[in-house]
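Undergrad: Protein chains in written order, with my numbering: chain A, 1 to 639; chain B, 1 to 191.
There may be inaccurate statements among the hints.
Stated by the list, open to error - Straight-line distance between alpha carbons at most 20 Å, and here's what the computed EDC-like set of lysine to aspartate or glutamate pairs gives:
| no. | chain 1 | residue 1 | chain 2 | residue 2 |
| --- | --- | --- | --- | --- |
| 1 | B | K54 | A | E329 |
| 2 | B | K178 | A | E98 |
| 3 | B | K82 | A | E331 |
| 4 | A | K350 | B | D53 |
| 5 | A | K595 | A | E633 |
| 6 | B | K178 | A | D52 |
| 7 | A | K499 | A | D526 |
| 8 | A | K350 | B | E55 |
| 9 | B | K178 | A | E101 |
| 10 | B | K54 | A | E98 |
| 11 | B | K82 | A | E329 |
| 12 | A | K490 | A | E329 |
| 13 | B | K54 | A | E331 |
FYI, nobody ran anything at the bench for these hints, they're computed from the structure.
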Amino acid sequence: MSTLLQSDSLEEITSIEDLEALKRDGLDSLYPGKTKVLVGMSSCGRAAGADDVYDVLSDELDGAENAIVGQTGCLGFCDREPLVEVVEPNGQSIIYEEVTEDTAERLADAITRGDLPEGGVLAGRLHHEARSHDYDVPLFDEVPFYAPQERVVLGNSGLIDPEDLGEYVARDGFFALEEVLSSYTPEEVIDEVKDSNLRGRGGGGFPTGQKWEFLAGNEADEKYLICNADEGDPGAYMDRTLLESDPYSVIEGMIIAGYATGATHGYMYVRAEYPLAIDHLQNAIETLRSVGLLGDDILGSGYGFDLEIKKGAGAFVCGEETALMASIESERGMPRPRPPFPPQSGLWGKPTNINNVETWANVPQIVLEGADWFADIGTDQSGGTKVFSVTGDVRNTGLVEVPLGTELETVVFDIGGGTTGGDFKAVQTGGPSGGVIPEEYGDTPIDYDTLSELGSMMGSGGMIVIDESTCMVDQSRFFLDFCVDESCGKCPPCRYGTKKTLQILERITNGEGEAEDIEELRSLGDTMGEASLCGLGQTAPNPVMSTLDYFEQEYWAHIEDEECPAGDCELGGGAHANTYKILHDECVGCHQCAKACPVDAISGEQGEVHEIDPEACIGCGQCVEACPLDIIEVRGGEA
Amino acid sequence: MASLDSIRQSIHESDADVGGDDAEIIPADADVEDVCDEEVDTVRSLIEPFPDDKEGVIPALQEVQGEYGYLPRFSMQLIADKAGTSMAHVYGTASFYSQFYLEPRGEHTIKVCTGTACHVKGADEISEEFCDELDVELEEVTDDGQFTVSHVRCIGACSLAPAVMVGDNVHGNVTEEKVPDVIEEYRGDDA
Chain A
1 MSTLLQSDSL EEITSIEDLE ALKRDGLDSL YPGKTKVLVG MSSCGRAAGA
51 DDVYDVLSDE LDGAENAIVG QTGCLGFCDR EPLVEVVEPN GQSIIYEEVT
101 EDTAERLADA ITRGDLPEGG VLAGRLHHEA RSHDYDVPLF DEVPFYAPQE
151 RVVLGNSGLI DPEDLGEYVA RDGFFALEEV LSSYTPEEVI DEVKDSNLRG
201 RGGGGFPTGQ KWEFLAGNEA DEKYLICNAD EGDPGAYMDR TLLESDPYSV
251 IEGMIIAGYA TGATHGYMYV RAEYPLAIDH LQNAIETLRS VGLLGDDILG
301 SGYGFDLEIK KGAGAFVCGE ETALMASIES ERGMPRPRPP FPPQSGLWGK
351 PTNINNVETW ANVPQIVLEG ADWFADIGTD QSGGTKVFSV TGDVRNTGLV
401 EVPLGTELET VVFDIGGGTT GGDFKAVQTG GPSGGVIPEE YGDTPIDYDT
451 LSELGSMMGS GGMIVIDEST CMVDQSRFFL DFCVDESCGK CPPCRYGTKK
501 TLQILERITN GEGEAEDIEE LRSLGDTMGE ASLCGLGQTA PNPVMSTLDY
551 FEQEYWAHIE DEECPAGDCE LGGGAHANTY KILHDECVGC HQCAKACPVD
601 AISGEQGEVH EIDPEACIGC GQCVEACPLD IIEVRGGEA
Chain B
1 MASLDSIRQS IHESDADVGG DDAEIIPADA DVEDVCDEEV DTVRSLIEPF
51 PDDKEGVIPA LQEVQGEYGY LPRFSMQLIA DKAGTSMAHV YGTASFYSQF
101 YLEPRGEHTI KVCTGTACHV KGADEISEEF CDELDVELEE VTDDGQFTVS
151 HVRCIGACSL APAVMVGDNV HGNVTEEKVP DVIEEYRGDD A
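All chains should be modelled from the sequences, with the hints used to inform the complete structure.
TA: Quick look at the structure:
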């Protein structure tokens, strides 16, 4: 990486003057007085080919006098990666989407010539002091995907080089810490966070300031802070992206909390499956140590804080705070009963506070802009924004940050652009601990309490859009399969309950369900919810209970009619995408489809009703074209 | 989680499969006395930086697995000695987490994501295609010792579903047609 040597060259930062000097350097690096070409290089970008694009641009523009190539994090529109933003010296920029090596080459040529193409454009943006745009392109906040969004936590993502401390400081990074250390008492920090209505972004939604107050109130020779980056919900990747794109903001939030609560040591518990996030965090920690923003006597305040990374080892249950602490202690990651709660007795028996990545990243903004500003963004109950990863059967997938209180439909239709295939059916939030919210509740404002009332939960922010081709029973089966695997096995309600529930769901999706199964599922769910030891078991039945609440008729269709209304699951044909079915009543036995089938998946003699073997079918669709009567239905998936 | 005996048995079976290369693979059940001094020294130097107590167990396991691709028994004994704990504790910890492998793996593990978004977009078909193409079952090592196909929980690349991770690289929007290309990209490479 270009900035690896940076930590050697940075001066120590001991005062606000030092910070301001670094801010000037950072601004020079952000806006170098020539055209800056920024390649979005978080995991999504890289997987879509950003590395090659970066190489091409660097080679082509190597030695160019009017341009410089740099890297940045995630711009959120994962669907359109790789994204490249070209910022002209006057601050106006164009963001190009789905850049390939070829288009990168052409782009480099154009930049050398000094004019920018207007094709392949996602949006234009105005940076720094720019006020107007010369090109005929839609502006960033006019693009439907971005228009309803408010980027507080993601403000630096896709703008700064995540490995460059100077660029973070140029965006007022560490000025919040400086302000806190120089003019706040610890109690005032906690009051500020309480007034902001910030609630835990990991899913539970506990008021953050109150949590800090518990820790501050407990005297001990050592107290710990933990950043929970064990993002395990399938469908959620905002924490990974934040750590990759803006690691310093998370660390700054933790140091501020350390000062407020009297903790002097922190741990970042990060999934080992997130190598890039770990790299960027490691770089950030080393850089901060070298300039004195981690370690003893930060900014001459007398307060000291240090931080280390612990890599998770692959266990979903470690997202539960007591299990996470066991894992840091190198034990099996099993939860224990509470009380005592972590602020009383946490890591190694010492008072401990755990917050999620996104929660920490909000803290510097609250200090900089004020608690009132933050509280005003959200609802009466919860301040600020929430980042969601919007995926599934939706046109625009990506990371989306909206004010709390935004309606679900705004996210699905305005930002997400609607569903890809069939009609919108539901949104799944909260992953395996959450549930579905059906289409008729689309006008629900997103908040912790509103989602809970509907039987789902905020969770860490996964939002999976489901269209009519997805079987709700199968969806529940998928989550229960996950929970069976991830149940640590300590408490019987979860250990047996998840297994038993899964067996019933498998039976139903195989067409062997019985009428009593529905009652049995509800009763198992109630028991697990009441009696399980930790959040994993208590919430494991949520996917089943909520689909039973809203889509009970789908369960009955499987049980009584042996039919999957969505044309999904085993009953519906075995695969989600492209399942074909010959309408028996209308088949005349012309045998055309069987002749057309390249894999002999269609059986039936001339003059008899024909049948497609879903196991053998590869979904090529040739039978549909061959059928003279148009009676082969495509069920589910995209035709 | 498989019992030690069944793991041993599977190692012996997979040793036989590996053929000419088996000299390089340390059997999973080798005790400290069974392996040469150099191997012991290698593991000792790998785990040296970590704390001499229980706290160091998981980082040490991660480091050893980074080198060997799995956790041979003798390495867990050395870790237990250093941390002042029992082999049972180290084994109990290692077997709890899905990241740790107690039997040899291919040079490259092809991790097919089975998270929600990938599931919906056909992860099962992708994983079958990898297995067919390499002629192995899930979690088996290919005859040339190069590949193992494995399922993983959500890797957070949901917008690129279905996704596959090999080493630290994420391959997005994988189709059955792209499977051979992904394999070729790694064939012959050292992990």
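Undergrad: Kindly indicate which numbered hints from before are broken by the structure, ordering the numbers from low to high.
TA: 10
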